[in-house]
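K.L.:
Each chain, written out:
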Amino acid sequence: MEAAAGGGCGSGPPLLLSEGEQQCYSELFARCAAAGAAGGGPGSGPPEAARAVPSAATAAAGPVADLFRASQLPAETLHQITELCGAKRVGYFGPTQFYIALKLIAAAQSGLPVRIESIKCELPLPRFLMSKTDAEIRFGNPTELHGTKVQIPYLITEKNTFKRMDDEDKQQETQSPTMSPLASPPSSPPHYQRVPLSHAYGKLRSNTEQMHPAPYEARQPLVQPEGPSSGAPGTKPPRHQASLIRSFSVEREPQDNNSNYPDEPWRITEEQREYYVNQFRSLQPDPSSFISGSVAKNFFTKSKLSIPELSYIWELSDADCDGALTLPEFCAAFHLIVARKNGYPLPEGLPPTLQTEYLQAAFPKPKRECALFDSYSESMPANQQPRDLNRMELSVKDMADFPVPTQDVTSDDKQGLKSTVDEALPKDVSEDPATSKDSNSLKARPRSRSYSSTSIEEAMKRGEDPPTPPPRPQKTHSRASSLDLNKVFQPSVPATKSGLLPPPPALPPRPCPSQSEQAPEAEIHPQLNRAPSQAAESSPAKKDIPYSQPPSKPIRRKFRPENPATENQDTSTAVGGPATAAAVKPHAAVQKQSSKQKKAIQTAIRKNKEANAVLARLNSELQQQLKEVHQERIALENQLEQLRPVTVL
Amino acid sequence: MNYPLYIRSAPTENELKFHYMVHTSLDVVDEKISAMGKALVDQRELYLGLLYPTEDYKVYGYVTNSKVKFVMVVDSSNTALRDNEIRSMFRKLHNSYTDVMCNPFYNPGDRIQSRAFDSMVTSMMIQVC
Numbered sequence: 001m002e003a004a005a006g007g008g009c010g011s012g013p014p015l016l017l018s019e020g021e022q023q024c025y026s027e028l029f030a031r032c033a034a035a036g037a038a039g040g041g042p043g044s045g046p047p048e049a050a051r052a053v054p055s056a057a058t059a060a061a062g063p064v065a066d067l068f069r070a071s072q073l074p075a076e077t078l079h080q081i082t083e084l085c086g087a088k089r090v091g092y093f094g095p096t097q098f099y100i101a102l103k104l105i106a107a108a109q110s111g112l113p114v115r116i117e118s119i120k121c122e123l124p125l126p127r128f129l130m131s132k133t134d135a136e137i138r139f140g141n142p143t144e145l146h147g148t149k150v151q152i153p154y155l156i157t158e159k160n161t162f163k164r165m166d167d168e169d170k171q172q173e174t175q176s177p178t179m180s181p182l183a184s185p186p187s188s189p190p191h192y193q194r195v196p197l198s199h200a201y202g203k204l205r206s207n208t209e210q211m212h213p214a215p216y217e218a219r220q221p222l223v224q225p226e227g228p229s230s231g232a233p234g235t236k237p238p239r240h241q242a243s244l245i246r247s248f249s250v251e252r253e254p255q256d257n258n259s260n261y262p263d264e265p266w267r268i269t270e271e272q273r274e275y276y277v278n279q280f281r282s283l284q285p286d287p288s289s290f291i292s293g294s295v296a297k298n299f300f301t302k303s304k305l306s307i308p309e310l311s312y313i314w315e316l317s318d319a320d321c322d323g324a325l326t327l328p329e330f331c332a333a334f335h336l337i338v339a340r341k342n343g344y345p346l347p348e349g350l351p352p353t354l355q356t357e358y359l360q361a362a363f364p365k366p367k368r369e370c371a372l373f374d375s376y377s378e379s380m381p382a383n384q385q386p387r388d389l390n391r392m393e394l395s396v397k398d399m400a401d402f403p404v405p406t407q408d409v410t411s412d413d414k415q416g417l418k419s420t421v422d423e424a425l426p427k428d429v430s431e432d433p434a435t436s437k438d439s440n441s442l443k444a445r446p447r448s449r450s451y452s453s454t455s456i457e458e459a460m461k462r463g464e465d466p467p468t469p470p471p472r473p474q475k476t477h478s479r480a481s482s483l484d485l486n487k488v489f490q491p492s493v494p495a496t497k498s499g500l501l502p503p504p505p506a507l508p509p510r511p512c513p514s515q516s517e518q519a520p521e522a523e524i525h526p527q528l529n530r531a532p533s534q535a536a537e538s539s540p541a542k543k544d545i546p547y548s549q550p551p552s553k554p555i556r557r558k559f560r561p562e563n564p565a566t567e568n569q570d571t572s573t574a575v576g577g578p579a580t581a582a583a584v585k586p587h588a589a590v591q592k593q594s595s596k597q598k599k600a601i602q603t604a605i606r607k608n609k610e611a612n613a614v615l616a617r618l619n620s621e622l623q624q625q626l627k628e629v630h631q632e633r634i635a636l637e638n639q640l641e642q643l644r645p646v647t648v649l
Numbered sequence: 650m651n652y653p654l655y656i657r658s659a660p661t662e663n664e665l666k667f668h669y670m671v672h673t674s675l676d677v678v679d680e681k682i683s684a685m686g687k688a689l690v691d692q693r694e695l696y697l698g699l700l701y702p703t704e705d706y707k708v709y710g711y712v713t714n715s716k717v718k719f720v721m722v723v724d725s726s727n728t729a730l731r732d733n734e735i736r737s738m739f740r741k742l743h744n745s746y747t748d749v750m751c752n753p754f755y756n757p758g759d760r761i762q763s764r765a766f767d768s769m770v771t772s773m774m775i776q777v778c
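Each protein sequence line maps, in turn, to chains A and B. So the first sequence is numbered by my numbering: it starts at 1 and just counts up by one. So the second sequence is numbered by my numbering: it starts at 650 and just counts up by one.
Same shape as in the complex, but just chain A (with noise of 0.2 Å):
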């Protein structure tokens, strides 16, 4: 049964298993990944997280040092390890590169060469020296155990198995019997991956149809979904998440890759965050508002947890300490109850991955951002013209409804306001990170709304201003339509995404991508005729757009073969005046670059203008209620004034 669980292997060479060794293997990778999670977290969460899976995450590179290290060989055969379990070429120890480590560990030990032929053959289990205490730290106490059975025995399992290691240090042939029947729990083996978790996922089933634990638990079993659901044959909820498995080991990959947090228990899948948004709107139809405490505390108490629990729960998740959940607060609450539900002590602090603005800038969503975003450019103070113009941008749809400033929503602006240009600006996400930190330090209890967004500027320097306006997006088309007709035929350059730049005519022997054909293609038809005026046209809207790279288009120009539209030559030379040298290459690709730039900064533009027009109005209303209040100030004040000389005499 095993062996077939074994053969699930990413890449590399199929690794086959035997029980005892896969045992024994995903004990020491749930002791890496527990070893290695936040804030000691998943304390008991290794005791199932290691039937769970040796799915759950990737192994920390510290225990597993430490682990290698322990195997007492030398450090050059730990490196060749390393390198050749491909833990190096991924970046990380995910089960399939631990297990073959451990293999080759094995290997290494018996006097074999570190070699991947090696670790085909039967291997006695590796051998590690480690302190009892080590083991016991890291097994830490599992707190509560909810019922699932497989978890003390298990645990005991570990500990012995591990002594064992300790004390004999050598017949490893006794390791693995000794540890078959040690793993008493029936259902180990097969169901390693998803008995304890499904058992805690059927009770919480007849607990509440909100509690939904069925994507966290599926997120555990990663890399391997073929082998080990597969090797889970028997009980219902392993089948259906099996195929939750599957779809979800997909989207694990590239998370673990993006992220920089090792805490793999409290990241939040895609589906785990669409599950907690629909909730969130379930309880509270507007996403970008908040959920009162007392609305969250009638929620969150039916996951019948302890209310101290659910306290300190609270206290992690309400960052702002405002008495009330905004989305991604709301997220991070519900996912540290279901990890709780789930087996897993709560961290001392909230970890990175559940913060909100890793949250936001990780999740943004559309529609909660332009909402938000409505709301914060209402309150908005004046900011740097650059960060307003990006901002806007993204409120273009929801100008209309404004919904009543509050000061609540200030907090959640900024974060909304952060996300919107996440998502909006096609640039670096990166800079996020950085100015998440800057809007947390802003949390303090004066709400301030300084914040910096860098991403923001950067990506307004990189798409530049415009100083003039933008050509009018038709004609962008018809630019496309006119340069190309010749062009068309040829292998044309990219840009033509944005429309804004006509696809550069024809790089000949460049490479393009099918987005420059697209284009040309479909206008060519149409435009046929037109080409000559839409030259004239094309030229001064070329010229509004200052690109770093306006040489590139007239020397694209120069580059088409046949040009019957000599017009478009002369006027495109005319403006690219200055530029006319280049390769053709490096502007292929730079066309793509600028093109794109182009059509962000336009539509950009576009956007800033009708959101400045929406601010002006709005600010001539709130200048109009500042008078407003300030009369009635003061002839409170007056009133007051009357009454007084009574009193004091």
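In case anyone wonders, no lab produced these hints; they're calculated from the structure. For each residue, glycine too, the CB sits at the ideal point set by N, CA and C. Please note: incorrect hints may appear among the correct ones.
[Stated by the list, open to error] Quick list of in silico lysine-lysine cross-link-like pairs, DSBU-like style, CA-CA up to 35 Å:
no. : chain 1 : residue 1 : chain 2 : residue 2
1   : B       : K716      : A       : K304
2   : B       : K718      : A       : K297
3   : A       : K609      : A       : K627
4   : B       : K741      : A       : K297
5   : B       : K716      : A       : K297
6   : B       : K741      : A       : K302
7   : B       : K681      : B       : K666
8   : B       : K681      : B       : K707
9   : B       : K718      : A       : K304
10  : B       : K741      : B       : K666
11  : B       : K681      : B       : K741
[To be verified] Far from chain B, some chain A residues (derived; all Cβ distances over 10 Å):
no. : residue
12  : H79
13  : S282
14  : Q284
15  : D286
16  : L618
17  : L622
18  : L643
Assemble the complex: chain A is given as a structure, and chain B must be docked to it using the hints.
P.N.:
Then chain B, alone, in the frame of chain A:
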């Protein structure tokens, strides 16, 4: 009724003595707030200042608008502690207390078990001692 929501002492040998002192100081606090009865409530300062000095200790008091009392006992030998610092400490306590109150799972009148509150108090005490 006056019962403690939260009590903590730094050197933990004579904890009971501190508990007793805090309890007796509650009377002094009550006395002070009732003394200002005639004035409008919002004119009353939250910070009550030195409640009474004993030979070894100084006791400071602070009361919130919801009649939640904070009492701080410091060593008399700690002369470096200025009034302003005491005020700021009380302010921090008050802020942390409001954070605790914001938690919907906290029932007013329960003992405070918030870890954030604990850590804040610990850091303050470390700072002073």
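K.L.:
Regarding the assertion that S282 of chain A does not contact chain B, is the least Cβ-Cβ distance greater than 10 Å?
P.N.:
holds (18 Å)
K.L.:
Does K741 of chain B pair with K666 of chain B here, judged by a C-alpha cut-off of 35 Å?
P.N.:
holds (25 Å)
K.L.:
Once the closest CB in chain B is found, is it more than 10 Å from L643 of chain A?
P.N.:
holds (13 Å)
K.L.:
Would you mind confirming whether the straight-line C-alpha gap from K716 of chain B to K297 of chain A stays at or under 35 Å?
P.N.:
Holds, at about 26 Å.
K.L.:
Take a quick look at D286 of chain A and tell me if its Cβ sits farther than 10 Å from every Cβ on chain B, holds or violated.
P.N.:
holds (20 Å)
K.L.:
Compare the distance between the alpha carbons of K718 of chain B and K297 of chain A with 35 Å, and conclude whether the hinted pair is satisfied.
P.N.:
holds (27 Å)
K.L.:
Going straight from one Cα to the other, do K716 of chain B and K304 of chain A come out at no more than 35 Å?
P.N.:
It holds: about 33 Å lies between the C-alpha atoms, which stays within 35 Å.
K.L.:
Is the hinted pair K741 of chain B and K297 of chain A satisfied, with a Cα-Cα distance of at most 35 Å?
P.N.:
Distance of about 26 Å is within 35 Å: holds.
K.L.:
When you look at the beta carbon of Q284 of chain A, is every beta carbon of chain B farther off than 10 Å?
P.N.:
holds (14 Å)
K.L.:
Please verify whether K609 of chain A and K627 of chain A have alpha carbons no more than 35 Å apart.
P.N.:
holds (27 Å)
K.L.:
Quickly compare the C-alpha distance for K741 of chain B and K302 of chain A to 35 Å and report which way the hint goes.
P.N.:
Roughly 34 Å between the alpha carbons, so the hint for K741 of chain B and K302 of chain A holds.
K.L.:
In terms of Cβ atoms, is chain B entirely out of 10 Å range of H79 of chain A?
P.N.:
Answer for H79 of chain A: holds, closest chain B Cβ roughly 42 Å.
Of the numbered hints stated above, none is contradicted by the structure.
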